[in-house]
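S.K.: Top to bottom, those sequences are chains A and B. Residues in the first sequence are numbered consecutively from 1, following the working numbering. Residues in the second sequence are numbered consecutively from 1, following the working numbering.
One thing to keep in mind: the hints can contain errors.
[As the list claims (entries may be wrong)] Some, not all, of what chain B presents toward chain A, calculated at C-beta under 10 Å:
#1 3
#2 11
#3 19
#4 25
#5 28
#6 30
#7 56
#8 58
#9 68
#10 70
#11 92
#12 100
#13 106
#14 109
#15 113
#16 115
[As the list claims (entries may be wrong)] Cut-off 20 Å, straight-line C-alpha distance, at most; resulting in silico cross-link-like pairs (DMTMM-like, lysine to aspartate or glutamate):
#17 A/551 - A/577
#18 B/24 - A/386
#19 B/24 - A/577
It should be emphasised that the hints constitute simulated quantities derived from the structure, not laboratory data. Think of the CB as a built atom: it goes at the ideal place given N, C-alpha and C, for glycine as much as any other residue.
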Amino acid sequence: MVLSSLPVLLGRFGLWAVAAGSLWALIATVVSMRKGGGWARSARRGMVVALVGAILAAAGLEWALFHHDFSLPYVASVSAKNLPSLYLFSAWWGSLEGSLLLWCLLVLAFAVPAQQTKGMGEKVRRAFPLLPAATALFFAGVMLRFANPLSGWPGGGAGPSDGIGLNPLLQDPGMAYHPPLLYLGFTGLVVPGAWALAILFTGEKEDWTKPTRRWVLAAWGMLSAGILLGSWWAYHELGWGGWWFWDPVENASLMPWLALTAYAHGALAQEARGMLRRWNLGLLLLAYALTLFGTFLTRSGILTSVHAFSESGLGSWFLGYIAVFLLIAFGVLAWRWDDLDDPKPPGGLITKEGAILYNHLLFGGLLLAVLLGTTWPILAELATGERVSGGAPFFAATIPPIALPTLFLMAVAPWFGWGRTGKESLRPRLIAGVVGGVVVSGGLAWARASMGMGMGGWAHVVSVFILGAVLGPILADFVRTARAVGGSRKALIKRPRHWGGLLVHLGIAVLAVGATGASGGKTAVDFQLAPQETAVVVEGVSLRHVGVTVKSRKSHRAWIANVVLTQQGKEHPLQSERRDYGSNWPGTTEMALLSNWKRDIAITLAETESDGSASYRVTIQPFLSWLWVGGALSLLGFLWAGRKGG
Amino acid sequence: MNRQAKTLLVAAVAIGWLVFSGIKEASVYFKYPSELTPTVLAELGHEELRIGGMVAGGSLEREGSDIRFVMVDDGEGQVLVHYVGIPPDMFAEGRGAVVEGSFTMEGVFEAHTLMVKHGEDYSAEEHPDRENIRSDFGTGIPDPGG
């Protein structure tokens with residue numbers, strides 16, 4: 001029996017404090033909704049106790065990671081003595097147990113200050129802790145019962161002399177930031193979800209959209225950043241030219257994003273016209289449930305087999321919690337249904353509120369497609385006993401027909417009016433859109449022709465036109481506003497929500513051009529080349545294999561292939577690597593990348609032979625870098641929209 | 001029902017139809033090697049199929065981008081797989097893999113897609129086998145896209 005050190009003991013105690021504090025907060029909140037006053041203060045104290053407990057647990061875990069306390073199986077499984085400090089720190093969320101702790105801590109860290117949000121009534125404020133307290137209690141319960149990052153070895157051994165280390169694929173700065181960003185987005189959703197539930201429970205009529213706007217923007221922005229960073233990491237680190245795989249882990253982050261995006265537009269209609277309250281409440285609650293559902297899908301083993309799931313208690317807890325939440329949340333929504341009626345009937349299709357209804361429909365369709373595509377193997381096995389897999393072909397067939405109308409709506413709907421749309425205001429915008437579409441289509445067609453690339457598929461052609469149609473009216477509007485305010489920069493950027501929102505739209509349009517261009521025009525060719533041998537990849541692009549050198553580095557051995565990539569007559573010397581991390585981990589690749597605004601060329605080293613030859617895969621994807629540019633523009637738009645005065 | 005509601009309903013039905021008809025077309029069977037008994041094989045014929053299992057130790061042969069290996073699982077039964085292309089990172093003997101393709105006349109599974117299986121083996125009851133790949137977050141292991 002090994003005695004654990006004080007920080008670890010404090011951390012274990014902290015986990016119990018999370019459970020006790022959040023349980024107390026939950027009970028006191030329920031009582032306070034009837035009795036008020038002192039109970040509400042007591043509930044608040046419970047939340048603070050839980051937060052302090054979570055901080056203690058996280059500190060204990062980090063202490064153990066930095067002191068290589070391998071008497072904790074978690075520490076032994078995600079870290080090793082030779083791991084650099086950054087990855088020792090990020091090993092916190094290197095696996096399930098620690099991720100749960102991070103999640104729990106973030107929920108509490110958001111919820112405690114968020115309860116003070118200005119502009120919410122006293123009764124609603126009192127009911128606010130219901131959802132965050134329940135969430136923290138659930139996570140604490142799961143950790144204490146199934147996945148405690150601070151528990152010792154069964155029987156209490158001192159553990160191995162060194163840990164297994166962090167998966168080499170995860171030893172990358174992008175991988176250090178990507179999960180916390182996603183978790184920030186997921187857990188940030190607890191706050192608007194908590195207000196939604198509080199409003200439903202109290203039956204108050206107040207409008208929550210304005211006070212919670214910046215919370216929603218923050219969660220939405222961080223979720224978007226997390227998804228983008230994950231994609232960027234997959235492209236650069238996995239090294240196989242892919243940037244989105246429709247993997248359940250990715251879909252799990254996309255689903256709440258889709259629900260939240262629908263909500264963010266619905267909230268506009270609610271704020272301007274008092275409409276869509278039911279939809280909006282439902283979407284917020286759904287978005288919250290989807291963050292947990294994603295975790296359930298990817299962690300319970302249910303995707304492998306329904307039977308594996310039934311043996312894992314963790315999965316049943318997640319499913320049970322989600323089911324109870326949905327029953328209660330949508331039960332109360334149904335109960336309040338008649339109180340939440342829309343005061344105004346929706347206008348026609350050519351109005352803002354009409355377009356937002358279609359926005360909800362299309363985002364609902366995208367969500368349904370992702371949800372069904374991800375859970376189909378489970379549903380089919382439950383229904384027929386046969387395992388099937390859906391996967392990429394399904395998404396390739398169903399997503400574009402729903403996404404392209406969504407993009408089209410995005411180009412035109414911002415110029416509609418509430419209630420009615422004046423022809424005189426719409427016509428110049430439509431003209432600017434068509435002109436923009438023609439100009440951008442022409443420009444990109446020229447760029448394609450100059451590189452000898454084909455048209456890239458109908459989805460790409462449509463996306464390119466839509467980009468122009470989004471850009472044209474924005475530029476026209478900007479010039480018009482600039483003239484009207486006489487060049488005063490302050491007056492020009494006075495409407496952060498207007499310009500921020502348009503910038504997000506523009507970024508999405510750019511991203512769509514990148515996504516459809518890269519997937520529609522992807523070419524992948526495999527070569528085996530002797531030293532100094534040259535191969536033609538496509539017209540205008542050739543690859544010369546120079547030779548291979550072997551290097552021993554701190555954590556791995558690397559086979560470094562030197563190549564010369566020639567594009568349009570210009571030579572680019574590049575290096576592509578394979579790495580061997582020893583027997584604990586399989587090898588990884590570091591691709592060579594030549595990227596410009598027209599296309600990305602990635603060279604992956606597959607294998608090296610003793611005679612000095614090497615085999616490569618060369619992947620060419622048109623307009624791929626537009627993904628990252630578009631993503632960055634959107635994130636800037638989120639920041640802009642979050643400025644004061646929005 | 002007003003016109004707006006009717007149009008919305010028609011659009012909703014169209015989207016629903018698109019999604020549900022798509023999923024039926026795109027699904028393929030998923031089997032483990034031990035399930036591929038002669039009867040099942042006869043039924044399947046040359047149908048598109050996914051097989052999940054482990055790359056048997058000592059079975060991996062590579063000549064350039066020409067790859068042959070045997071896939072096994074817990075039960076009895078094995079499948080000889082042939083794949084042309086570059087396997088993804090983390091592909092190795094003793095690790096999980098998923099292949100998609102169909103059986104040839106000779107009974108060899110001709111795979112056009114080779115993926116690495118990951119992140120699904122979590123079990124918290126006993127501390128899980130830490131040798132297994134545990135892609136606990138972020139993006140999945142890539143599909144080289146055959």
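S.K.: Next step is simple, just say for each hint if it's right about the structure.
M.R.: Taking the hints in turn, this is what the structure says about them:
1. 3: holds, 8 Å
2. 11: This hint holds: residue 11 of chain B lies near chain A, its Cβ roughly 6 Å from the closest one there, short of 10 Å.
3. 19: holds, 5 Å
4. 25: holds, 7 Å
5. 28: Residue 28 of chain B check passes; min Cβ-Cβ to chain A is 6 Å, inside 10 Å.
6. 30: At 4 Å from the nearest chain A Cβ, residue 30 of chain B passes the 10 Å test, so the hint holds.
7. 56: Not OK, violated: residue 56 of chain B not within 10 Å of chain A, min 16 Å.
8. 58: Interface hint status for residue 58 of chain B: violated (15 Å vs cutoff 10 Å).
9. 68: Residue 68 of chain B check fails; min Cβ-Cβ to chain A is 15 Å, beyond 10 Å.
10. 70: violated, 18 Å
11. 92: Hint holds; residue 92 of chain B Cβ to chain A Cβ min 4 Å, cut 10 Å.
12. 100: holds, 8 Å
13. 106: violated, 24 Å
14. 109: Cβ of residue 109 of chain B sits 15 Å from chain A, so the hint is violated.
15. 113: Cβ of residue 113 of chain B sits 9 Å from chain A, so the hint holds.
16. 115: holds, 9 Å
17. A/551 - A/577: Given that 20 Å is the threshold and the Cα spacing comes to 10 Å, the pair holds.
18. B/24 - A/386: holds, 14 Å
19. B/24 - A/577: violated, 41 Å
Hints 7, 8, 9, 10, 13, 14, 19 from the earlier list are contradicted by this structure; the remaining hints agree with it.
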